[in-house]
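**Student:** Given chain A's structure and the hints, the job is docking chain B onto it.
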Amino acid sequence: MKEPILKVRDLAVEFATYGGHVKAVRGVSFDVFPGEILSIVGESGCGKSVTLQTLMGLIPCPPGRVTSGSAFLGDRDLLKMSRQEMESVRGKELGMIFQDPLTSLNPTMSVGAQISEVIIKHENLSHKAAFKKTVDLMKLVQIPEAEKRWGQFPHEFSGGMRQRIMIAIALACRPKILIADEPTTALDVTIQGQILELLKQLQSEINMSVILITHDLGVVASVSDRVAVMYAGQIVESGSVKEIFGSPAHPYTAGLKSAIPNPLKTHQTVLESIPGSPPDLFSPPTGCAFAVRCKSAMKVCLQSDPPPMSLDKTSLRADRFSKCWLHHQYAPLALKEKALHA
Amino acid sequence: MAVVTLYLVATATFILMHAVPGNPLQQEKAMSAVIRQNLEEKYGLNKPLLQQYTTYMSNMFLKADFGISFKQVNRPVNKIIAEHFMPSATLGVMALFGALVFGVILGVFAALNRNGIPDMFAMVLAVLGVSIPSFCLAYFLQHIFALQLGILPVGGWGGFAETLLPAMSLGMIVMASMARLMRSSMLEVVQQDYMKTAKAKGLSRLQIILKHQIRNAVLPVMIYFGPLFATITTGSFVIESIFGIPGLGQFFVNAVNELDYTVIMGLTVFYSGFTILIILVNDLLLAVVDPRIRLA
Numbered sequence: 001m002k003e004p005i006l007k008v009r010d011l012a013v014e015f016a017t018y019g020g021h022v023k024a025v026r027g028v029s030f031d032v033f034p035g036e037i038l039s040i041v042g043e044s045g046c047g048k049s050v051t052l053q054t055l056m057g058l059i060p061c062p063p064g065r066v067t068s069g070s071a072f073l074g075d076r077d078l079l080k081m082s083r084q085e086m087e088s089v090r091g092k093e094l095g096m097i098f099q100d101p102l103t104s105l106n107p108t109m110s111v112g113a114q115i116s117e118v119i120i121k122h123e124n125l126s127h128k129a130a131f132k133k134t135v136d137l138m139k140l141v142q143i144p145e146a147e148k149r150w151g152q153f154p155h156e157f158s159g160g161m162r163q164r165i166m167i168a169i170a171l172a173c174r175p176k177i178l179i180a181d182e183p184t185t186a187l188d189v190t191i192q193g194q195i196l197e198l199l200k201q202l203q204s205e206i207n208m209s210v211i212l213i214t215h216d217l218g219v220v221a222s223v224s225d226r227v228a229v230m231y232a233g234q235i236v237e238s239g240s241v242k243e244i245f246g247s248p249a250h251p252y253t254a255g256l257k258s259a260i261p262n263p264l265k266t267h268q269t270v271l272e273s274i275p276g277s278p279p280d281l282f283s284p285p286t287g288c289a290f291a292v293r294c295k296s297a298m299k300v301c302l303q304s305d306p307p308p309m310s311l312d313k314t315s316l317r318a319d320r321f322s323k324c325w326l327h328h329q330y331a332p333l334a335l336k337e338k339a340l341h342a
Numbered sequence: 343m344a345v346v347t348l349y350l351v352a353t354a355t356f357i358l359m360h361a362v363p364g365n366p367l368q369q370e371k372a373m374s375a376v377i378r379q380n381l382e383e384k385y386g387l388n389k390p391l392l393q394q395y396t397t398y399m400s401n402m403f404l405k406a407d408f409g410i411s412f413k414q415v416n417r418p419v420n421k422i423i424a425e426h427f428m429p430s431a432t433l434g435v436m437a438l439f440g441a442l443v444f445g446v447i448l449g450v451f452a453a454l455n456r457n458g459i460p461d462m463f464a465m466v467l468a469v470l471g472v473s474i475p476s477f478c479l480a481y482f483l484q485h486i487f488a489l490q491l492g493i494l495p496v497g498g499w500g501g502f503a504e505t506l507l508p509a510m511s512l513g514m515i516v517m518a519s520m521a522r523l524m525r526s527s528m529l530e531v532v533q534q535d536y537m538k539t540a541k542a543k544g545l546s547r548l549q550i551i552l553k554h555q556i557r558n559a560v561l562p563v564m565i566y567f568g569p570l571f572a573t574i575t576t577g578s579f580v581i582e583s584i585f586g587i588p589g590l591g592q593f594f595v596n597a598v599n600e601l602d603y604t605v606i607m608g609l610t611v612f613y614s615g616f617t618i619l620i621i622l623v624n625d626l627l628l629a630v631v632d633p634r635i636r637l638a
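Residue numbers (the working numbering), protein chains in the order written: chain A, 1 to 342; chain B, 343 to 638.
Here chain A stands alone, though its shape is the one from the complex:
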């Protein structure tokens, strides 16, 4: 078994607002292994972006506050780093790309300058050497006529091209981990495919790990190795892509899967959905956060929060689990069958 390069344990983040403290992330743990693509899926507001922005130190504090947890990159805890240390990690060991390439690039700076800025910062190169490296990077992300386009501004690029620039910025110093926060949400479907293809190709070329945040199950299925499903600030299920899509072990995952429209089912007129809405994170429920929306909720689900239950019979893998009481040895089997194989 490979050693993980990033170990996140029991991460909790909350935000102070006028209405009280929002517990956006409530005890998230996961590992990232070298050279893999880990997807974190979940609906809006489930805490997936907050989790990863916390790792990058991008959460403004205040109002944000990390209340517990650790995140070891190698043997250093990202959450305990000084500002200078963090600056040397960001852009160098952790690269990040964002959702909207239109607003994520500085409108008054040429794209070339925006890319070489990272190189100059972390690699102490001269401007000339940085220029050369930038052009190479732009070629790497398949921007035609890189030398000519170096001096152009973001508004002179299309959405897909801008996202390529963002990728070039994130990859400039060959980071160990690339964090992609919904990289294709703002792009149209054909461009989306190209960008994902590019990401996947670069990932294997550079041999870096990718953490992909998305709410698009199609994207998850097409690129990732492993998946973590988030709900209300917690990871409710984790496993390989095959496991998550083939045998979902949490009613929420099962619900998400059945909400995917099936083009072959012609008689289906109403799209499936999960009734209800996520809980109020000002005062999260004491029991399972999904219980009130769950068709198979039991008494215990409302009373106490289920621990992550390992689904791997050999118990060698910590990343195959479901936070659901249905996997408890005393849970009625019939109910479990009904909930997960609908």
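You can take every hint at face value.
Okay, derived cross-link-like pairs now, DSS-like style, lysine-lysine, Cα gap no bigger than 27 Å in a straight line:
#1 A:K176 - B:K538
#2 A:K139 - B:K538
#3 B:K553 - A:K128
#4 B:K553 - A:K148
#5 B:K538 - A:K23
#6 B:K538 - A:K132
#7 B:K538 - A:K7
#8 A:K80 - B:K538
#9 A:K132 - B:K553
#10 B:K538 - A:K92
#11 A:K133 - B:K538
#12 B:K553 - A:K92
#13 A:K139 - B:K553
#14 A:K133 - B:K553
#15 A:K200 - B:K538
From the structure, some residues in chain A lie toward chain B, with a derived Cβ separation under 10 Å:
#16 Q53
#17 Q152
#18 F153
No lab work stands behind these hints: they were computed from the structure.
C-beta atoms are modelled at their ideal positions from N, C-alpha and C, and glycine is treated no differently.
**Tutor:** Okay, now just chain B, sitting in the frame of chain A:
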């Protein structure tokens, strides 16, 4: 465009000026009919208004001749402008650039210490600056710096020292609005996604502020810079008379009081032209600073 604007300004001024009761030849002392007639003939006042208008306009736009002052015997308006424009322009430019530099610094300073003591200090200063009329401020400044401290002259014109107080009184209001604009603009830019990108690159706080935040925040402030020039020039009439500066302002005020038609017209058109020029230069500069604006 600029010429059309100028033409409209000139026409409006002409109509308004003639709509005011009285005429330039009215004096306390009675004037004999013959003298009056001669004078009217000399200045062309006996001709129908429409003819006066066309003559004046053609002289102005085709020959750049603003005519002769009615009150200051035989003194051409062009000469008045040539002789007295420099003090006004010096003062205006000093006030404007002082306001820009200090306003932007104050705004940046306030935004970076949002809701802190420096922010409160800067914003109190800005509110005071906006709400105190320049002529009041002028007297305060004279009192403090000239009378109490005795470090700057009360008034007059000549060296650099004489320009400081009037430039301060003139520029204060602009500086205050610049500071407020810059502050809100800075706070808006902080929210932008590209600031997050900059941080994710591992840049230091100072690098992010200088290269990404201020650069983008200053653009909306620049847009207001040209129009604010108008504020400066209108303010300068009062300030110039308070500090006894031989600028154009006094001529304007006197001319309006005495209905000195040619001087009013000449100065109005000149000032409009100058303002249009400044706004044009400002727009061109903006296109240089902001790559998204293209020169058509």
